[in-house]
Amino acid sequence: MKTIDERYKAILDNLLEVTSNDPSIFTTINNRHFFDVYKLFNPTHFETIYKNKVFEIPIIETSLLKLVGLVEKAETKEELENLLKENEYIISDYNARMLNNNFAETKTKIRESINASFQKSTIKWKLLLSKANEINDEINIWPLHLSFMYVSLVLDDNKVIYAPLFFKEVFIKFRNGIPNLISNGEIHLNEKLIFILNNQGFNFSIDFDISNYSIDELVKKLSVEWNTYYPEILNNIGSVFDKKTNETILNQSLQFHTGIVLGTFLPAGGYSRNRMKEIIDNDEIDDIISVDFNKNTYKNKVKNSIFSKDLALFKITPTNYSQDKAIISSLCQNTIIWGPPGTGKSQTIVNILTNVLVYGKSAIVASQKKAALEVIRNRLGSLSCFGLFILTSKDMKKRSFFAPIKQYLDFLENYDNEVKIDYLKIITDKEKLWVDTLVEIQNNEKANEIIQAYFYLYNNIDKLEDEQIKFILSLPKNIIYPETNIEKRMDKVLIKINKVFPLPFLKRYKSIKLLGVEINKNLNDFKANLAELVRAFRNLDTYDIEWLNKIFDLMPNYDLASISNEEMIKNIAASRIINKIKVFDKAMTRRYREFASSVRIGNLEPYKFVKEYADMIKVLFPIIIATPDTDLSKWNKNEFDFGIMDESSQIFIEKGLPILYLSNIKILAGDDKQMKPSNWFGTRSTDDSIFGNVESLLDYATSLGVYNILLDKNYRSNYASLMTFSSKYFYNSSLDVIDIATAIKDSAIEVIQVDGEWLDNKNIKEAKKALELCNGYIDKYKKIILLAFNAKQREYLTDLIYEAYPKLEAAINERRLMLRNIENIQGDEADLVICTIAYDKNSKINSTYVGRSGGMNALNVAISRAKDKMIVIKTIKSEDVSNLTNSEDTKIFKEWLKFLELDENQRKTISVVNANYNEEDELKIIKNHSELEQNLLDYLDNIIKLNPSIKYIKDYTIGTLNIDIATFIDDKIYKCFIFDEFEYENDYEAFVILKDKLNFLRSKKYDMIILNSINWLRDKNKIDEHYSQESIDMFKEQYNQMIENEKIDLLNYKHTKEVELKDENQDANEEFDDDINNNQIVTKEQFIKELTKEINIIEALEGDIQNETE
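Take the sequence shown: its position 340, counting from 1, is numbered 340 in full-length UniProt numbering, and each next residue is one higher.
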């Protein structure tokens, strides 16, 4: 039997992973993402960084100008290569080769390139900032730091580390076009490194608060305190970064090194590592997710709950049936919410949290994706106040962190509202009774006769009263009634046609005359054949009419999905929390006062605040929103009622299990057909255990057999063709994807074939075409994603934008344009996606990201991001792709290229399949629809004769669903009809599915009318109104107004984004100004003075070099 260490070796190895690709473990300088701070800044600026906690200084690379002169002085290839290497300046492979062939000419080109680099140096910092923002968006961690106090060591397994013990968070902000390096953050430990060192037997612990020190102060303090154990520790690291390689590090005891590095690091994760190790040491890992053998238990629990009379559900966003099932399952058992792209995972999570609040439970929600957590926050609306958002990102500053908590405390302390509860059901008791009653309708032999009679009267009278029906039922059957409409003197008409002598003393004469008077009195506004009316009611009695009225009362109105009152939910949750506060003892009351004071003063950094006041947070905040790396050490096993992991396919097992460990019921939202976790630095350890064979938390839960529910309707894409490929090839055609009603006829997928070439890791023609299109469309769409299938192509696009496309650069800053490559696009969406594939016929697709294992998942994500349109620019064709290794990923990529070669209608319907379809089903459908459908078609044919602008289409295809009959005004879709043939008797689920389809169509803005054999007879007059000239003119006016509103909405959106960017910068400036002293900022005047001085020195140096050359 395997020991604990053997069973969980893969997890332990990944926790302790040491890879030279991770700069938090082994740092190298490349002058693109990592810079030697000592060389980067002049001595005055470096001292500002070194000796101040808070600073802002301009970034100007005068060292490049010095390098220009030194390159000019170089006389040999070797001398030049050494010079470039010493200054970490990288030249292209082509120039490196050409140094051998034409040294002088190549040297001149390199010199010019360095000079251009100086002139364009701001672009470098824009690119670095872009990279930092990209990482932050991807994994919710701000990566830009100063790293210092470097140590080197050869570990027991001969792996090498060369890493900083400490990090200081920094930002880059552009002021008047000049990049400025800003820090108002605290100093943090390199948690990765400390974890590894402690597991190597080094007892690294710091028992004082390091956060408020400057770099200089901390180094000096540690040089004294650690001197006993580390006598070689440095008391000053303010010099050039000590460059090392794996080969040059041989020491097996810790050595300290000089230098400070600016770069993108991911140092967090100490909490999740320590918690995971604790779980493994306690042998608790197998108990975190429990699964029963009999899976019917899970299915039955959901089904029984859905249709239970005791179900009380609360929702603040509309749902479909699959989402309802996911909510109910999640509230009572471990559940995987399988959410393909755009199917509403976030709405489902928000509705789960709504029920958590109502029922007084608690939940932890975690995701590695910042965007996913922001969506949840926004969708919670006013209920977000009950959630504490602990996001380890650059946005988690004191002001933005404490502001909503202050508002929340003010709300609680002044709360005085009455609580009323109104809950929802997936199918109401009345709807259940209707479904049960359908059997009566089918079994009642007189049903059709009763309905026809009633509506003959109903549709030919101004206002039908119960007394009128009673009167008709009382009419004698032994007299003759006129085959005409009712006349003024019905007594004379009846006497005449019944051939009664007008003798007043005759009993028959009296009764018929009186009957005529009563007919005029009771049926004066009846406008049809009286004899036909009497015949229709001849076999009916009062019981039949009562039966029909019961049917009318039960008939469904097919309303939109109901939602709960958000204010009601807020009142319920607030009342529960206030009731807890009311029973505080003196100690807890004092504790609350301390907590509230700390919030209002905002004196603590957010992470310190959470640790200090965890006890009060547990009382006041039922919901915690965090990342897997958030320090939740103050929470214990099963302390949360629910643990919800969003985008769980992108969370590593060892990152996700510590969150689930804290919760009773585990809920994993994600999609195993989308991207796996992002491993930014290096590879992962694998073995033949389950933990060595699966990467993501979702894969692990799936392998255990956790019950899953598929969300089956796509809401993101406004055009079916944008999702049908994914539906067919990834979801077995089980997704409903349809066009939005306002869809225009232009192709939603536009393919542009270019004669490009994949050369030197870029396709120039595709890139230029992509930017040309992007520049043209940027003011026509709210948000655009520029997507490259290759990271190098994306880098090339980024460089071009910052060099020559200021309009696109501004759009990036305003978050209206996002640059993505296929590896990091999950979680993003946009109205327009412009995609450059980049590869050509000579590319070996099997060796590319999209063609390797997992590439198909990346493809699925990439092609499902667009809401309105996707433009694919490509050089490669489907016939160019060879698949000699029979790779499934390459095969899917080739199929997608074939899909792009179809026309729009073929793309729209590619996933329309029905595995159980047969001809009998088709005949049954035709037969069932024939009478009702024919009645409607006859009606429409008649109105089209009067108004040729009206058209209709039977079985109108809008994607994976059809509309029975769709009508159009001037080719714009108008009213749409679906037939309800009552095929759900005694089947509640079938009725819910019918409503579900109707609600889905309405969510896509289709103006739906559902017809059955009863309301068709009842509502003919309303249908007449729909097709009146007045209604048609109103529709045209509303349609034109909608187009205008969309234009206005786009302008407002752009303005809002501009204002948001301005406000964001203002907030950042104000928060920075709160912390910084004037003598820690290099003023503009100082900067210009110092820069001028340095340039004068450099020009003099160049002059000396030139003289020496001459």
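Among these hints, one or two may not hold up.
Said to hold, decoys possible - Listed next, with one range per pair, are the computed distances between beta-carbon atoms:
1) Q906 x K406: 52 to 60 angstroms
2) L424 x M588: 42 to 50 angstroms
3) N732 x T297: 36 to 44 angstroms
4) Q252 x K406: 32 to 40 angstroms
5) I953 x Q906: 12 to 20 angstroms
6) L424 x K582: 47 to 55 angstroms
7) F584 x E1044: 54 to 62 angstroms
8) G854 x I752: 23 to 31 angstroms
9) S113 x N236: 31 to 39 angstroms
10) K406 x N732: 48 to 56 angstroms
11) A403 x K301: 40 to 48 angstroms
12) R590 x G360: 23 to 31 angstroms
Claimed, not checked - EDC-like mimics (lysine to aspartate or glutamate), calculated; alpha carbons at most 20 angstroms apart, straight line:
13) K841 x E879
14) K945 x E1030
15) K792 x D93
16) K398 x D93
17) K618 x E639
18) K792 x E772
19) K1020 x E639
Honestly, the hints are just simulated from the structure, not real lab data. Idealized CB from N, CA, C, for every residue including glycine.
Hints versus structure:
Look at Q906 against K406: about 57 angstroms separates their beta carbons, and that is inside 52 to 60 angstroms. Hint check: L424 to M588, Cβ distance near 36 angstroms, so the stated range 42 to 50 angstroms is violated. The beta-carbon spacing between N732 and T297, approximately 25 angstroms, falls outside the hinted interval of 36 to 44 angstroms. A hinted range of 32 to 40 angstroms for the beta carbons of Q252 and K406 is inconsistent with their spacing of about 53 angstroms.
Remark: the range hint 12 to 20 angstroms for I953 to Q906 is upheld by a beta-carbon distance near 18 angstroms. Taking 47 to 55 angstroms as the suggested C-beta distance range, the pair L424 and K582 does not conform, at roughly 29 angstroms. A hinted range of 54 to 62 angstroms holds for the C-beta pair F584 and E1044, which are about 56 angstroms apart. Checking the proposed 23 to 31 angstroms range against G854 and I752 shows it holds: the Cβ atoms sit about 28 angstroms from each other.
For the hinted restraint 31 to 39 angstroms between S113 and N236, the CB-CB distance of approximately 36 angstroms keeps it satisfied. Restraint check, K406 to N732: a C-beta distance of roughly 50 angstroms satisfies the suggested window 48 to 56 angstroms. A hinted range of 40 to 48 angstroms for the beta carbons of A403 and K301 is consistent with their spacing of about 42 angstroms. For the pair R590 and G360, the beta carbons lie near 25 angstroms from each other, so the given range of 23 to 31 angstroms is met.
Proposed proximity of K841 and E879 is supported: the alpha carbons are some 9 angstroms apart, at most 20 angstroms. Using a Cα cut-off of 20 angstroms, the hinted pair K945 and E1030 holds, with the two alpha carbons roughly 17 angstroms apart. Between the alpha carbons of K792 and D93 the distance comes to roughly 15 angstroms, so the proposed pair stays at or under 20 angstroms and holds. The suggested pairing of K398 with D93 is violated, with an alpha-carbon distance near 47 angstroms, which exceeds 20 angstroms.
Taking the CA atoms of K618 and E639, the gap is near 10 angstroms; set against the 20 angstroms cutoff, the hint holds. At most 20 angstroms may separate the alpha-carbon atoms for a hinted pair to count; K792 and E772 meet this at roughly 19 angstroms. For the hint linking K1020 to E639, the alpha-carbon distance of about 59 angstroms lies beyond 20 angstroms, and the restraint is violated.
Going through the hint list in order, the structure does not satisfy hints 2, 3, 4, 6, 16 and 19.
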